[in-house]
Amino acid sequence: ETGVTQSPTHLIKTRGQQVTLRCSSQSGHNTVSWYQQALGQGPQFIFQYYREEENGRGNFPPRFSGLQFPNYSSELNVNALELDDSALYLCASSLGGSGRAQNTQYFGPGTRLTVL
Amino acid sequence: DQQVKQNSPSLSVQEGRISILNCDYTNSMFDYFLWYKKYPAEGPTFLISISSIKDKNEDGRFTVFLNKSAKHLSLHIVPSQPGDSAVYFCAASLNSGNTPLVFGKGTRLSVIA
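Just so you know, the protein sequences line up as chains A and B, in that order. Start counting the first sequence at 1; every next residue gets the next number (our numbering). Start counting the second sequence at 1; every next residue gets the next number (our numbering).
The reader is advised that the hints may include incorrect statements.
Stated by the list, open to error - Far from chain A by the CB rule (all over 12 angstroms, computed), these chain B residues: (1) GLN14; (2) GLU15; (3) ILE48; (4) SER49; (5) PHE62.
Said to hold, decoys possible - A few chain A positions that, by computed beta-carbon distances, are all more than 10 angstroms from chain B: (6) PRO8; (7) LYS13; (8) ARG15; (9) GLY16; (10) VAL19; (11) ARG22; (12) ASN71; (13) ASN77; (14) LEU83; (15) ASP84; (16) LEU90; (17) GLN105; (18) GLY108.
Said to hold, decoys possible - Computed, partial: chain A to chain B, Cβ under 10 angstroms: (19) THR9; (20) SER33; (21) GLN37; (22) GLY40; (23) PHE45; (24) PRO70; (25) ALA92; (26) THR104; (27) ARG112.
Worth flagging that the hints you see were computed from the coordinates, not collected in a lab. Since this is a predicted model, take the numbers as computed values, not measurements. Where is the CB? At the ideal position from N, CA and C, for every residue including glycine.
Could you put the whole structure together from the sequences, leaning on the hints where they help?
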């Protein structure tokens with residue numbers, strides 16, 4: 001069974017640039033959630049994708065956007081990068097469905113984004 | 001407003017002793033709780049979970065206790081081992097399908113040999 005993978009591992013960008021982060025979900029999972037973890041904080045929910053549709057969003061501006069593909073992999077896009085976007089971005093996959101109780105989310109290793 | 005709180009930023013325990021990590025929550029609608037362990041440069045690893053219909057769940061050396069009336073949960077690790085040294089995050093969610101996890105800020109556990 002393949003776990004959650006993310007790419008790239010590290011990334012350095014400058015203010016105003018755009019970035020795309022990628023995530024492959026665990027085999028058999030159909031839901032991907034993205035979280036931002038700033039230094040010294042717990043992960044903060046950005047948004048979730050279930051069967052290619054956005055299925056909930058946290059308190060993040062519209063310049064944070066995403067996609068989920070038919071194979072349930074996902075992308076997180078951030079436009080007009082700001083210094084405060086520097087953080088660890090975590091992807092988590094789970095198996096969701098109508099009427100299904102909360103499923104445990106399994107995390108990838110994360111992408112460390114530094115904005116200069 | 002922080003809905004999940006881990007009030008101890010750090011904890012040091014002797015090897016072989018019990019480690020107790022605490023977590024409080026404010027949203028009474030939460031009914032599914034999880035503990036994750038995180039090593040540096042890695043993503044959080046799922047440890048153990050508990051549904052609100054239970055007050056205890058045990059998995060090997062790890063036991064989670066839930067006190068709904070106090071909105072409090074704790075993770076017990078017995079016996080503690082040096083490899084348990086990591087940051088531990090408490091997380092909560094609504095038990096209604098695909099809902100996001102709300103995390104605390106974490107507690108750094110150091111197990112001293």
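Hints breached by this structure: 3, 4, 16, 17, 18 and 24
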